[in-house]
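Here the protein sequences line up with chains G and C, keeping their order. According to the numbering used here, the residues represented by the first sequence are 140 to 432, in order. According to the numbering used here, the residues represented by the second sequence are 140 to 432, in order.
What the hints contain is simulated information worked out from the structure, not anything from laboratory work. Mixed in with the good hints there might be a few duds.
Just a few of them, taken from the derived set where beta-carbon distance is under 8 angstroms, the chain G residues facing chain C [what the hints assert, rightly or not]:
1) 219
2) 222
3) 272
4) 275
5) 282
6) 283
7) 293
8) 297
9) 370
10) 371
Covered stretches of chain G (in silico footprint by chain C; criterion: 3 or more residues with CB under 8 angstroms from a CB of chain C, positions within the stretch not fixed) [to be verified]:
11) 303 to 315
12) 325 to 333
Glycine included, each C-beta is placed from N, C-alpha and C at the ideal position.
Number of protein chains: 2
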Amino acid sequence: MELLLGIDGGGTGCRAALADKAGRVIGRGKSGSANIMTDIEGARVNILAATRQALQDAGLDATAETSISAVLGLAGANVGDNAPRLEKLLPFARARVKSDAIIALYGAIGDADGTVVILGTGSVFVTRKAGHIRTIGGWGFKVSDLGSGARLGRDLLEEALLAHDGVHSSSPLAEKTMAMFDNDPHRIVTFARSAGPNDFGTYAPLVFEYAENGDRLALLLIERAVKTIEEALDAVMPPEKGRLCLIGGLGPLYASRLSPKHRARLHAPLGDALGGAVKLAVELFAHAEADHG
Amino acid sequence: MELLLGIDGGGTGCRAALADKAGRVIGRGKSGSANIMTDIEGARVNILAATRQALQDAGLDATAETSISAVLGLAGANVGDNAPRLEKLLPFARARVKSDAIIALYGAIGDADGTVVILGTGSVFVTRKAGHIRTIGGWGFKVSDLGSGARLGRDLLEEALLAHDGVHSSSPLAEKTMAMFDNDPHRIVTFARSAGPNDFGTYAPLVFEYAENGDRLALLLIERAVKTIEEALDAVMPPEKGRLCLIGGLGPLYASRLSPKHRARLHAPLGDALGGAVKLAVELFAHAEADHG
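When you get a sec, could you build the whole thing from the sequences and use the hints?
Structural data, given as C-alpha cells:
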C-alpha cells in the first residue's frame with residue numbers, strides 16, 4: 140500500500156496527516172515542537188510520534204512507516220543544510236523537507252499563481268508566478284518579520300514609552316498599555332529584556348482591538364505595518380496578478396486594512412498548511428508515479 | 140582629611156577619580172564592569188578595586204576609604220531598588236548612587252540649564268530646566284534607545300535584507316552590508332539571533348561613513364534617527380532654551396546632521412561623566428558642609 144504523509148511542524152508543535160494516493164486523509168496525529176534550527180533530533184522524535192499516531196488513527200501498524208512518501212513543511216527548512224540532514228534521519232521511503240511557507244502556499248492557493256502572506260508571531264511572503272515560487276521576508280523578529288505580531292507588539296511598547304516620556308501624544312491604547320505594566324516604565328524594561336517574539340506578540344491583538352474604536356496610536360501602528368506589507372506585496376507580484384491570501388492569526392485582522400487594489404484580489408484560503416503538505420505530497424509522489432507508471 | 144570620590148561605571152568598565160574638597164583630582168583608578176542590574180555584588184567589587192587604585196595613586200592607604208564621600212554614576216541606578224541597595228553595601232562614609240545620565244549632565248554642562256544626549260550603544264536624554272532634572276528615553280535596545288548605535292545598526296541589517304528581497308531599492312551601503320555577510324541572508328539571521336546591542340552597534344559607524352558619500356540608504360537611516368532625536372529634544376526643552384551637548388561615540392557624528400534650530404545651541408561638553416561625578420560630589424558634600432560649617 141502506497142501511503143502519503145503531510146507534516147506541518149514548527150516551534151509550537153507538529154501535526155501529521157496520513158493520506159492515500161489521491162490525497163484523501165485517512166489518519167491524523169500531533170505532537171510537540173519540531174524546530175530543526177535548534178534541535179534536529181528532538182524534531183525527528185516529534186515528527187515520528189505524530190506519524191505513528193496518524194498510522195494508528197488509520198488502523199495501520201507502525202512498521203508501515205517505511206512505505207510512506209512524506210512532505211514535511213518545517214520552519215527553518217531553508218537555513219543551512221537542515222533539510223537534507225533531516226531527510227536522511229527519517230525512516231520513510233521518501234521524504235522532502237520544505238519550508239513552512241511553501242506548504243502554506245499549497246494549502247491556501249493550491250497550484251495557482253498568487254501570493255500568500257503568513258501573518259502570525261512572525262511574517263513571511265510566498266508567491267508563485269508562472270510556476271516559479273519565491274519567498275521573501277521571514278528573516279526573524281530582530282531584523283525582519285515586518286507586520287508580524289511580534290513586531291507590532293514591540294512597536295506598541297516603544298510607543299507606550301514615548302507617550303510616557305511625553306515625546307509622542309498619548310492615546311487610550313498607550314494608557315492601557317502602561318496600565319498593564321502598573322504605569323511603571325521599568326516594568327516594561329524588565330519584560331523586554333527577556334522577551335522573545337512570542338512574548339511581544341501577545342500585545343498585537345490589543346492594537347487591532349483599539350483600532351476598531353479609532354484609537355489614534357492603534358491606527359498609526361497598523362497603518363505603518365500595512366505599508367510594509369504592501370511594499371512587499373508590490374515587490375513580489377503586481378496587484379492585478381493572482382489571488383492573495385492573508386493567513387496566520389493576524390491575517391484576517393489585516394485583510395480589511397489593506398488598500399483597495401490589494402483588497403480586490405483577496406481570497407479565503409482553500410485549506411491550511413497541513414493540507415498543503417498533503418497536496419504537495421500528491422503532486423511530488425503520486426502524480427510523478429502515475430506519469431511513470 | 141575629607142575625600143571626595145567620583146565613579147563612572149557601566150557594563151564595560153568602571154573608572155574612579157579621587158578629589159579634594161575643591162574637586163581637584165588627586166588620584167585615578169579603573170577596573171571591570173559595574174552593572175548593578177545584573178550583578179550588584181560584582182559591581183561592588185569592581186567599584187572598590189577602582190577606588191583602592193585611586194587611593195594608591197594619591198599615595199593614600201586603603202583604610203582611607205571610610206572617610207570618602209562618593210557620587211557613583213551607574214547604568215541601571217534608576218531601576219528598582221538598585222541604588223539604595225548598593226549604597227548600603229559600600230564602606231564609604233557617604234555614598235549617593237545616581238544614573239549614568241545624571242553624571243554625564245553634570246560633566247557636560249555643569250549646573251547650567253540645558254540638555255545632554257548620550258548617543259552610544261544606547262541613547263538617553265537628560266535635561267535641566269530651572270534646576271529640575273528630567274531623564275527620558277534610555278529604556279533599552281529592544282523598546283527604546285532611539286538613535287542609538289544599536290538601533291542604527293539593527294536598522295541597517297533590516298534594510299539590507301529588504302534590499303536583498305527586492306522590497307526596497309539597493310545602495311552601495313546595502314550591498315556592502317550584504318557582502319559583509321557573504322551575500323547570504325541566512326548569515327544575518329544567524330548573527331541577529333544571538334546579537335545584543337553591542338553587536339548591532341558595531342554596524343552604526345558604517346552608516347555615517349557611507350552618508351559622507353551621499354549613500355541614499357545611509358542618509359535615510361540617519362534622517363529617521365535624527366527625527367527621533369529631535370522629537371525627544373522638542374519634548375524635553377524648547378530649542379531656544381539652554382545649551383545642548385551630544386556626547387557618546389555617535390554624538391559628534393550626529394551633531395552636524397541636526398536641523399539648524401538645534402545646531403544653533405550645540406556646545407562642546409565641558410568635561411566627561413567621571414568629572415561630572417566629582418562635580419556632583421563637590422555640590423552634594425563639600426558645599427553642603429561649607430553651608431553648615
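Results for each hint:
1. 219: Residue 219(G) check passes; min Cβ-Cβ to chain C is 7 angstroms, inside 8 angstroms.
2. 222: This interface hint is violated because 12 angstroms lies over the 8 angstroms limit.
3. 272: Because about 14 angstroms separates residue 272(G) from the closest Cβ in chain C, which is outside the 8 angstroms limit, the hint is violated.
4. 275: This hint holds: residue 275(G) lies near chain C, its Cβ roughly 4 angstroms from the closest one there, short of 8 angstroms.
5. 282: 5 angstroms, holds
6. 283: Holds, about 6 angstroms.
7. 293: Holds, about 6 angstroms.
8. 297: Holds - the Cβ of residue 297(G) comes within 8 angstroms of chain C, reaching about 5 angstroms at its closest.
9. 370: 5 angstroms, holds
10. 371: Constraint on residue 371(G) satisfied, holds at 5 angstroms.
11. 303 to 315: Coverage by chain C holds for the stretch 303 to 315 of chain G (4 residues, Cβ < 8 angstroms).
12. 325 to 333: Three-residue rule met by the stretch 325 to 333 of chain G, so holds; n is 6.
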